Amino acid sequence: MMITTATIETWLQRVAAVLDENKSYLTELDAAIGDADHGVNIARGFGAVVQKLAAQPGQPLGALFKSAGMTLMSTVGGASGMLYGNFFLKAATVAGDRTALDAADLLAVLEAGRDGVIQRGRAEVGDKTMVDVWTPALAALRAALEAGLPIAVALEKCASAAEEGMAATIPMLARKGRASYLGERSIGHQDPGATSSYLILRALADAVADEHKDV
Amino acid sequence: MMITTATIETWLQRVAAVLDENKSYLTELDAAIGDADHGVNIARGFGAVVQKLAAQPGQPLGALFKSAGMTLMSTVGGASGMLYGNFFLKAATVAGDRTALDAADLLAVLEAGRDGVIQRGRAEVGDKTMVDVWTPALAALRAALEAGLPIAVALEKCASAAEEGMAATIPMLARKGRASYLGERSIGHQDPGATSSYLILRALADAVADEHKDV
Amino acid sequence: MKKLINSVDTFIIEQLEGMALAYPDLLRISLEPKYIVRADAPVAGKVAVVSGGGSGHEPLHGGFVGPGMLDGACPGEVFTSPTPDQMLACGLEVNSGAGVLLIIKNYTGDVLSFETAAELLYGEGAPVRTVLVDDDVAVKNSLYTAGRRGVGGAVIVEKIAGGAAEAGYDLAQVAELAQRVSINSRSMGMALTSCTTPAAGKPTFELGENEIEIGIGIHGEPGQRRIPITDADALTTLLTDEILNDGAYTRTVRSFDPDVGDWIEQSLTSAPFQPGDRVIALVNSMGGTPVAELYTVYRKLAEICRARNIAIVRNLVGAYITSLEMQGFSITLTRVDDEILRFWDAPVHTPALRW
Amino acid sequence: MKKLINSVDTFIIEQLEGMALAYPDLLRISLEPKYIVRADAPVAGKVAVVSGGGSGHEPLHGGFVGPGMLDGACPGEVFTSPTPDQMLACGLEVNSGAGVLLIIKNYTGDVLSFETAAELLYGEGAPVRTVLVDDDVAVKNSLYTAGRRGVGGAVIVEKIAGGAAEAGYDLAQVAELAQRVSINSRSMGMALTSCTTPAAGKPTFELGENEIEIGIGIHGEPGQRRIPITDADALTTLLTDEILNDGAYTRTVRSFDPDVGDWIEQSLTSAPFQPGDRVIALVNSMGGTPVAELYTVYRKLAEICRARNIAIVRNLVGAYITSLEMQGFSITLTRVDDEILRFWDAPVHTPALRW
Ligand SMILES: Nc1ncnc2c1ncn2[C@@H]1O[C@H](COP(=O)(O)OP(=O)(O)O)[C@@H](O)[C@H]1O
Ligand SMILES: Nc1ncnc2c1ncn2[C@@H]1O[C@H](COP(=O)(O)OP(=O)(O)O)[C@@H](O)[C@H]1O
Ligand SMILES: [Mg+2]
Ligand SMILES: [Mg+2]
Ligand SMILES: [Mg+2]
Ligand SMILES: [Mg+2]
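In the order they appear, the protein sequences are chains A, B, C and D. All residue numbers for the first sequence refer to the working numbering, where the first residue is 14 and numbers rise by one. All residue numbers for the second sequence refer to the working numbering, where the first residue is 14 and numbers rise by one. All residue numbers for the third sequence refer to the working numbering, where the first residue is 129 and numbers rise by one. All residue numbers for the fourth sequence refer to the working numbering, where the first residue is 129 and numbers rise by one.
These are calculated hints, taken from the structure and not from any lab test. This one's a predicted model, so the numbers in the text were calculated from it and none came from an experiment. It cannot be assumed that every hint is accurate.
What the hints assert, rightly or not - Lysine-lysine pairs mimicking DSSO-like chemistry, simulated, CA-CA at most 27 Å apart: (1) B:K36 / C:K130; (2) B:K36 / B:K170; (3) B:K36 / C:K330; (4) A:K65 / A:K79; (5) B:K79 / B:K36; (6) C:K330 / D:K130.
Throw the hints in and build the complete structure from the sequences for me.
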C-alpha cells in the first residue's frame, strides 16, 4: 500500500481537528510547566496549514510539506512552532516531487523530520520534550517495517510507542525548553509538546487505517 | 454640677477609645457610600488628640479645644477631619480660659462647634451628613436644659436624639460630601460621619454620667 | 491582601523615602509634615504651583513634581485629603515671592483643607490663588451634590499651569489659564475590579465575575451604576459618549483672591464639546490595567472622535491618576487652544512625565 | 476574565492599531506580518536595532521603538515568540545598509525563531548580528536547562544598543557593547498574583491568599519556589541577595557573524557583583503592581546596595517588562562603565521611555 498525497492531506486535516479538540488540554499541560500557550498556538498553526493546503490541493509531497513547514513557522510562534516547522521542512527535502510514499519512503520522510527537530532543538531522549515521543515512536515504526508488517499495522505500533513515550515524560526532569526552568518542579507533569507529537502520530495511524479499510 | 477640664479630658479619652473600637465599623459604613477611610482616619485623629492632651494636662478649656481642633485638622485628613477640627476651634473661642463649664456654657460651646461645622461644610439637615446628628441632638439638649433637667439627664436625651438623627440618615439621599455622588444609591445606608458624631455625643453623656455617679 | 508594603502604618512614609532615594536630583521630600517639592525650590521669580490629595493615586501628584509641572505636592493618607499644615509648610517652602497657585480637586475634604491652607498661607504673607478641578461627568449636577469630582483633568491642569509658570506667567495669569483648562476638561471612568486599601485589607467593594462599575471616582467609591461586563469598544463608546454628549455644566466656584484677601464666588460654565474642537486625550489606567489594554481603548476613542470631527491633537496613554491596584480606565478630554497647547508641549521633567 | 479587549482573536491587532493611532509621528506599524518600526526607518547610515518577543510584556518591546532605542520590534502572540517571517520583514524595512542587530531574549522559541530570521536576513544580503539576553538568576545553571531566561536586562540592553547605534557605532561595535551590557545584567522576579492570558481566560496558576511565587519568568510560568507571603523589605532582600550573591555564570552563546556568514559559539562569563561596582537599577512592575509600591522596593534596594558598597548611579522605577496584569515585581542590576552610562543618558524618544 502506498501513502498518497490525499492520505497525507487527510492526516493533516485530522491533526488540525484533533489539536483543536485538545487545545485546552494541551494549554493546561503547558500551564503546569510552561507558559500556557501550546494548545492555542499549534491549533492555530495546523488550522492555517489545512487552509493553505485546501487552497492548493494535490501538490507533490515535497511542496506540500514545505508549505506546511513554512506555515507552521509563521503562524505558531514559540519553540514548538519552530520545531514542527523544521520537521516539515526537512521532511520536504526527502519527499521531493513524489506524489506517493511507500513504507520505506514514509519512514525516511518521518526520520528526516525528526532529525530536523533534534538538529534545531538539540534535545536528547530523556530531556522531557517532543523528542521523547519521536525517537521511540520512529524506532518502533522502523522495527515493525523491518519485521515486514504492513504499513497500517506498523503505524499502529508507532502510535503506541508514541503514547508510551508521552507517558514516559511524566516522571522526567526537564532539561530543555521552558519546563527546564522549573528544575524538580517539572517532575510529575506530562510534557505538552510530547503530547501534541503523540496526537500527530496517532492521527497518522488513524488516517492510514481508514484508507486501508476503504481499500 | 460643673463640667470640669478633667471631665472633658475623660470625654475625649472615651471618644478615642470608642472610635478605635468602631474603626472597622465606621470604615465599612464609609465603604458603602464613601471611600472607606472614615473610621481609620478619625480613630487616628482622636488618638493623636488624646496623646497631645496627656502631654499637657489641665489646660484651660479654650486651649484644650484649640489643641484638639488643630490636632484633628493636621492628622485626620478628609472632610470629617476639617469639620471636627473646626468644631473644636470654634468651641475653643467660646470656652476661652474657663476651666469648668456650667450647663449653659456647655450648650454654648457645643452650639458654637456645630455652627463651625455648618459654616465650613454648608450642609443642611436632611443632606445625610453629621449635621443630621448635631442639629437635632443639640436641639434636644437645649430643650432639656431649658426644661430644667440636670446636665447628666439632658446629655442622655441629647445622645438619644443623636442616635435617632443617625438612624434618620439611612433613608436619606445624600446631598453633601462623597456620598452625594451616588445619588439614589446612597439611600439605605447610614452616614458614617453621622455615626461617629453620635458616638462622640454618646461618649459625652457617658463621661458626665460617670462623673455624676462618683459625686 | 497582597501588596508590596511593610506595614499599614509606615508604607506611605516608606514610599516617600523610596521616591527621595530614586530622584535625589529632582525632588526634596519632607516626611513631617509630608510633602514633596522640586529640588531647586523656590525658583526665583517663578509662580509656584502646588497640588495635593490622598495617596493611592500615584503618580498623581508627587510624580508630577519637577521643572515644567508642580513645585510641590502634598500626599494625604490613602484616599484621604492632606491637611492644611502640610499645605502651609509646602507652600511656604516653594513660594519665591511670586506666589502660590493651589490646584484643588473637588472633594469636600480637599476643598476644606485647601481653603484653610489658602487662608493660612495668605496670613503668612504669601500671594495665593486657588483653582478647582471638577471634571468628572459621572456626577450629573452640582445643585444637589458636592459638585463634580476632580479626576483626570488634574493631570492636564497641572501640566499646563506648570508650563505657564515656567514661562514666566504671573500668579493671576497662571490661575486664569489653569481654571480655563479645568473647565474645558471632562472625564469619565470605570472599574473592572475593586481596589484594596491597606488599612481595610480587603476590597472596598465586591464586584461579581461579570460585573463592572461605571462612573467611578478615584477612591474606590461605588460608581454611578453597575452593569454586566462588555467589551472594550462598548465601554469606550459608553464613556466617550457621556463625555461628548455632556451639556453645558454650570457651577459656582469659590476661589481665593489675594488682591481682596478673601474668597470670591464665580459662576463658571463648561461648554459642551463641538465638531471642530481640538482636544488633548488622556487614556488612563486605574492602576492595575496594563498599558497594552489602554491602546484598544485609544483605538476606539480615536475612531469616535474622528467620526464626530473632534481632533485629538495630543494624547497621553498610561497610568497617571490611579486608585491603587484597581483595574479599569478613565478617559479625559480637554479642549485646547494654541496657548494651552504651547504649554502642553513645553518641556517637563518629573518622575512620571518627561519630555 | 476581565480585560479591556474586544475578542481573543483580534486584541493584539487592535492594540497595535491603537498604538499606531496614538504615535503617528513616532511609529509605523505593519499588521501583516506584525511589526513596529520607527516612523523614520531606515535611518541612513545607522545600524538598526531590532528586538521582539511574545505579546503581554508591554511596553516591551514595541514601547521602546523610537529614536535612541529600537528601530523595530516584532510582537508575537501572547507569551509566544514571534515568527521568522515577521523578523525578516521588519529587519529588511529598518536596514539602511549598516546592518541589523537582533536582540534575543533567551527562550527556546525566541532563539529558534531569531536564528532562522538571522539566516534569512543574511540570505537577503543584510549584515546581521545577534545578541543574547539571559539575565534571570532564578535559573541556576545552563548545563541542565535551556539557560537563563532573558528578562529585565533586555530593557537596559535595548537602551544602550539604541544609544550606541544612534551615536554612529558600527554593527560589530553595537553588538559587542550590547553583549557586554547583557552579561553584566542580572535580574530576579516574583509574583503576588497570577496573570490570565486572554486565550486561557483563567489564571495561569493558582496562588493561595497567602502564597507568592519566587523566581518567576515573564510568561506566567511557575517560578522557582512558592513561599508564604512576607513584607516588601523581606522580598526585596530576598531578590537582591540572589542577584548580588550570584557567582560567576558561564555559558556558551551562539551568535551570528556576518563576516563568516555563520554561527559562532563563544563562552561568556558574567562576573559576580563586587563592592565598588556602579550599577543601573531597574525596579519593575509585573503589570498590575502600581508604581507607588515599587518605591518601597527601591528604598530597601538602595539600602542594601549602599551597605554593600554598590553604587546605584541610575535607576528606572515603573512597569517596563510585564506579564499582562500580574502583580509582583522584578529587580535588574546592570554593572556599568562610562561608555555604557553615556548611552544610558543619551536622549531617547519612545512611547515608554523618553528623555
Ligand atoms: N529544545 C527542544 N527540543 C525539542 N522540543 C522542545 C525543545 N524545547 C521545547 N520543546 C518542546 O516544545 C514544547 C513547548 O511548546 P510551546 O509551548 O508551543 O513553546 P514555548 O515553550 O515557546 O511556549 C515543550 O513541551 C517541548 O515538548
Ligand atoms: N459638607 C459637609 N458637611 C457636613 N458633614 C459632611 C460634609 N461632607 C461630608 N461630611 C461628613 O463627613 C463624613 C465623611 O468623612 P470622611 O470619610 O472622614 O471624609 P471623606 O469623605 O473626605 O473621606 C460623611 O459621612 C459626612 O457625615
Ligand atoms: Mg508554551
Ligand atoms: Mg471617607
Ligand atoms: Mg477620604
Ligand atoms: Mg510560549
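Now the hints, each set against the structure:
{"no.": "1", "hint": "B:K36 / C:K130", "verdict": "22 Å, holds"}
{"no.": "2", "hint": "B:K36 / B:K170", "verdict": "25 Å, holds"}
{"no.": "3", "hint": "B:K36 / C:K330", "verdict": "14 Å, holds"}
{"no.": "4", "hint": "A:K65 / A:K79", "verdict": "11 Å, holds"}
{"no.": "5", "hint": "B:K79 / B:K36", "verdict": "24 Å, holds"}
{"no.": "6", "hint": "C:K330 / D:K130", "verdict": "19 Å, holds"}
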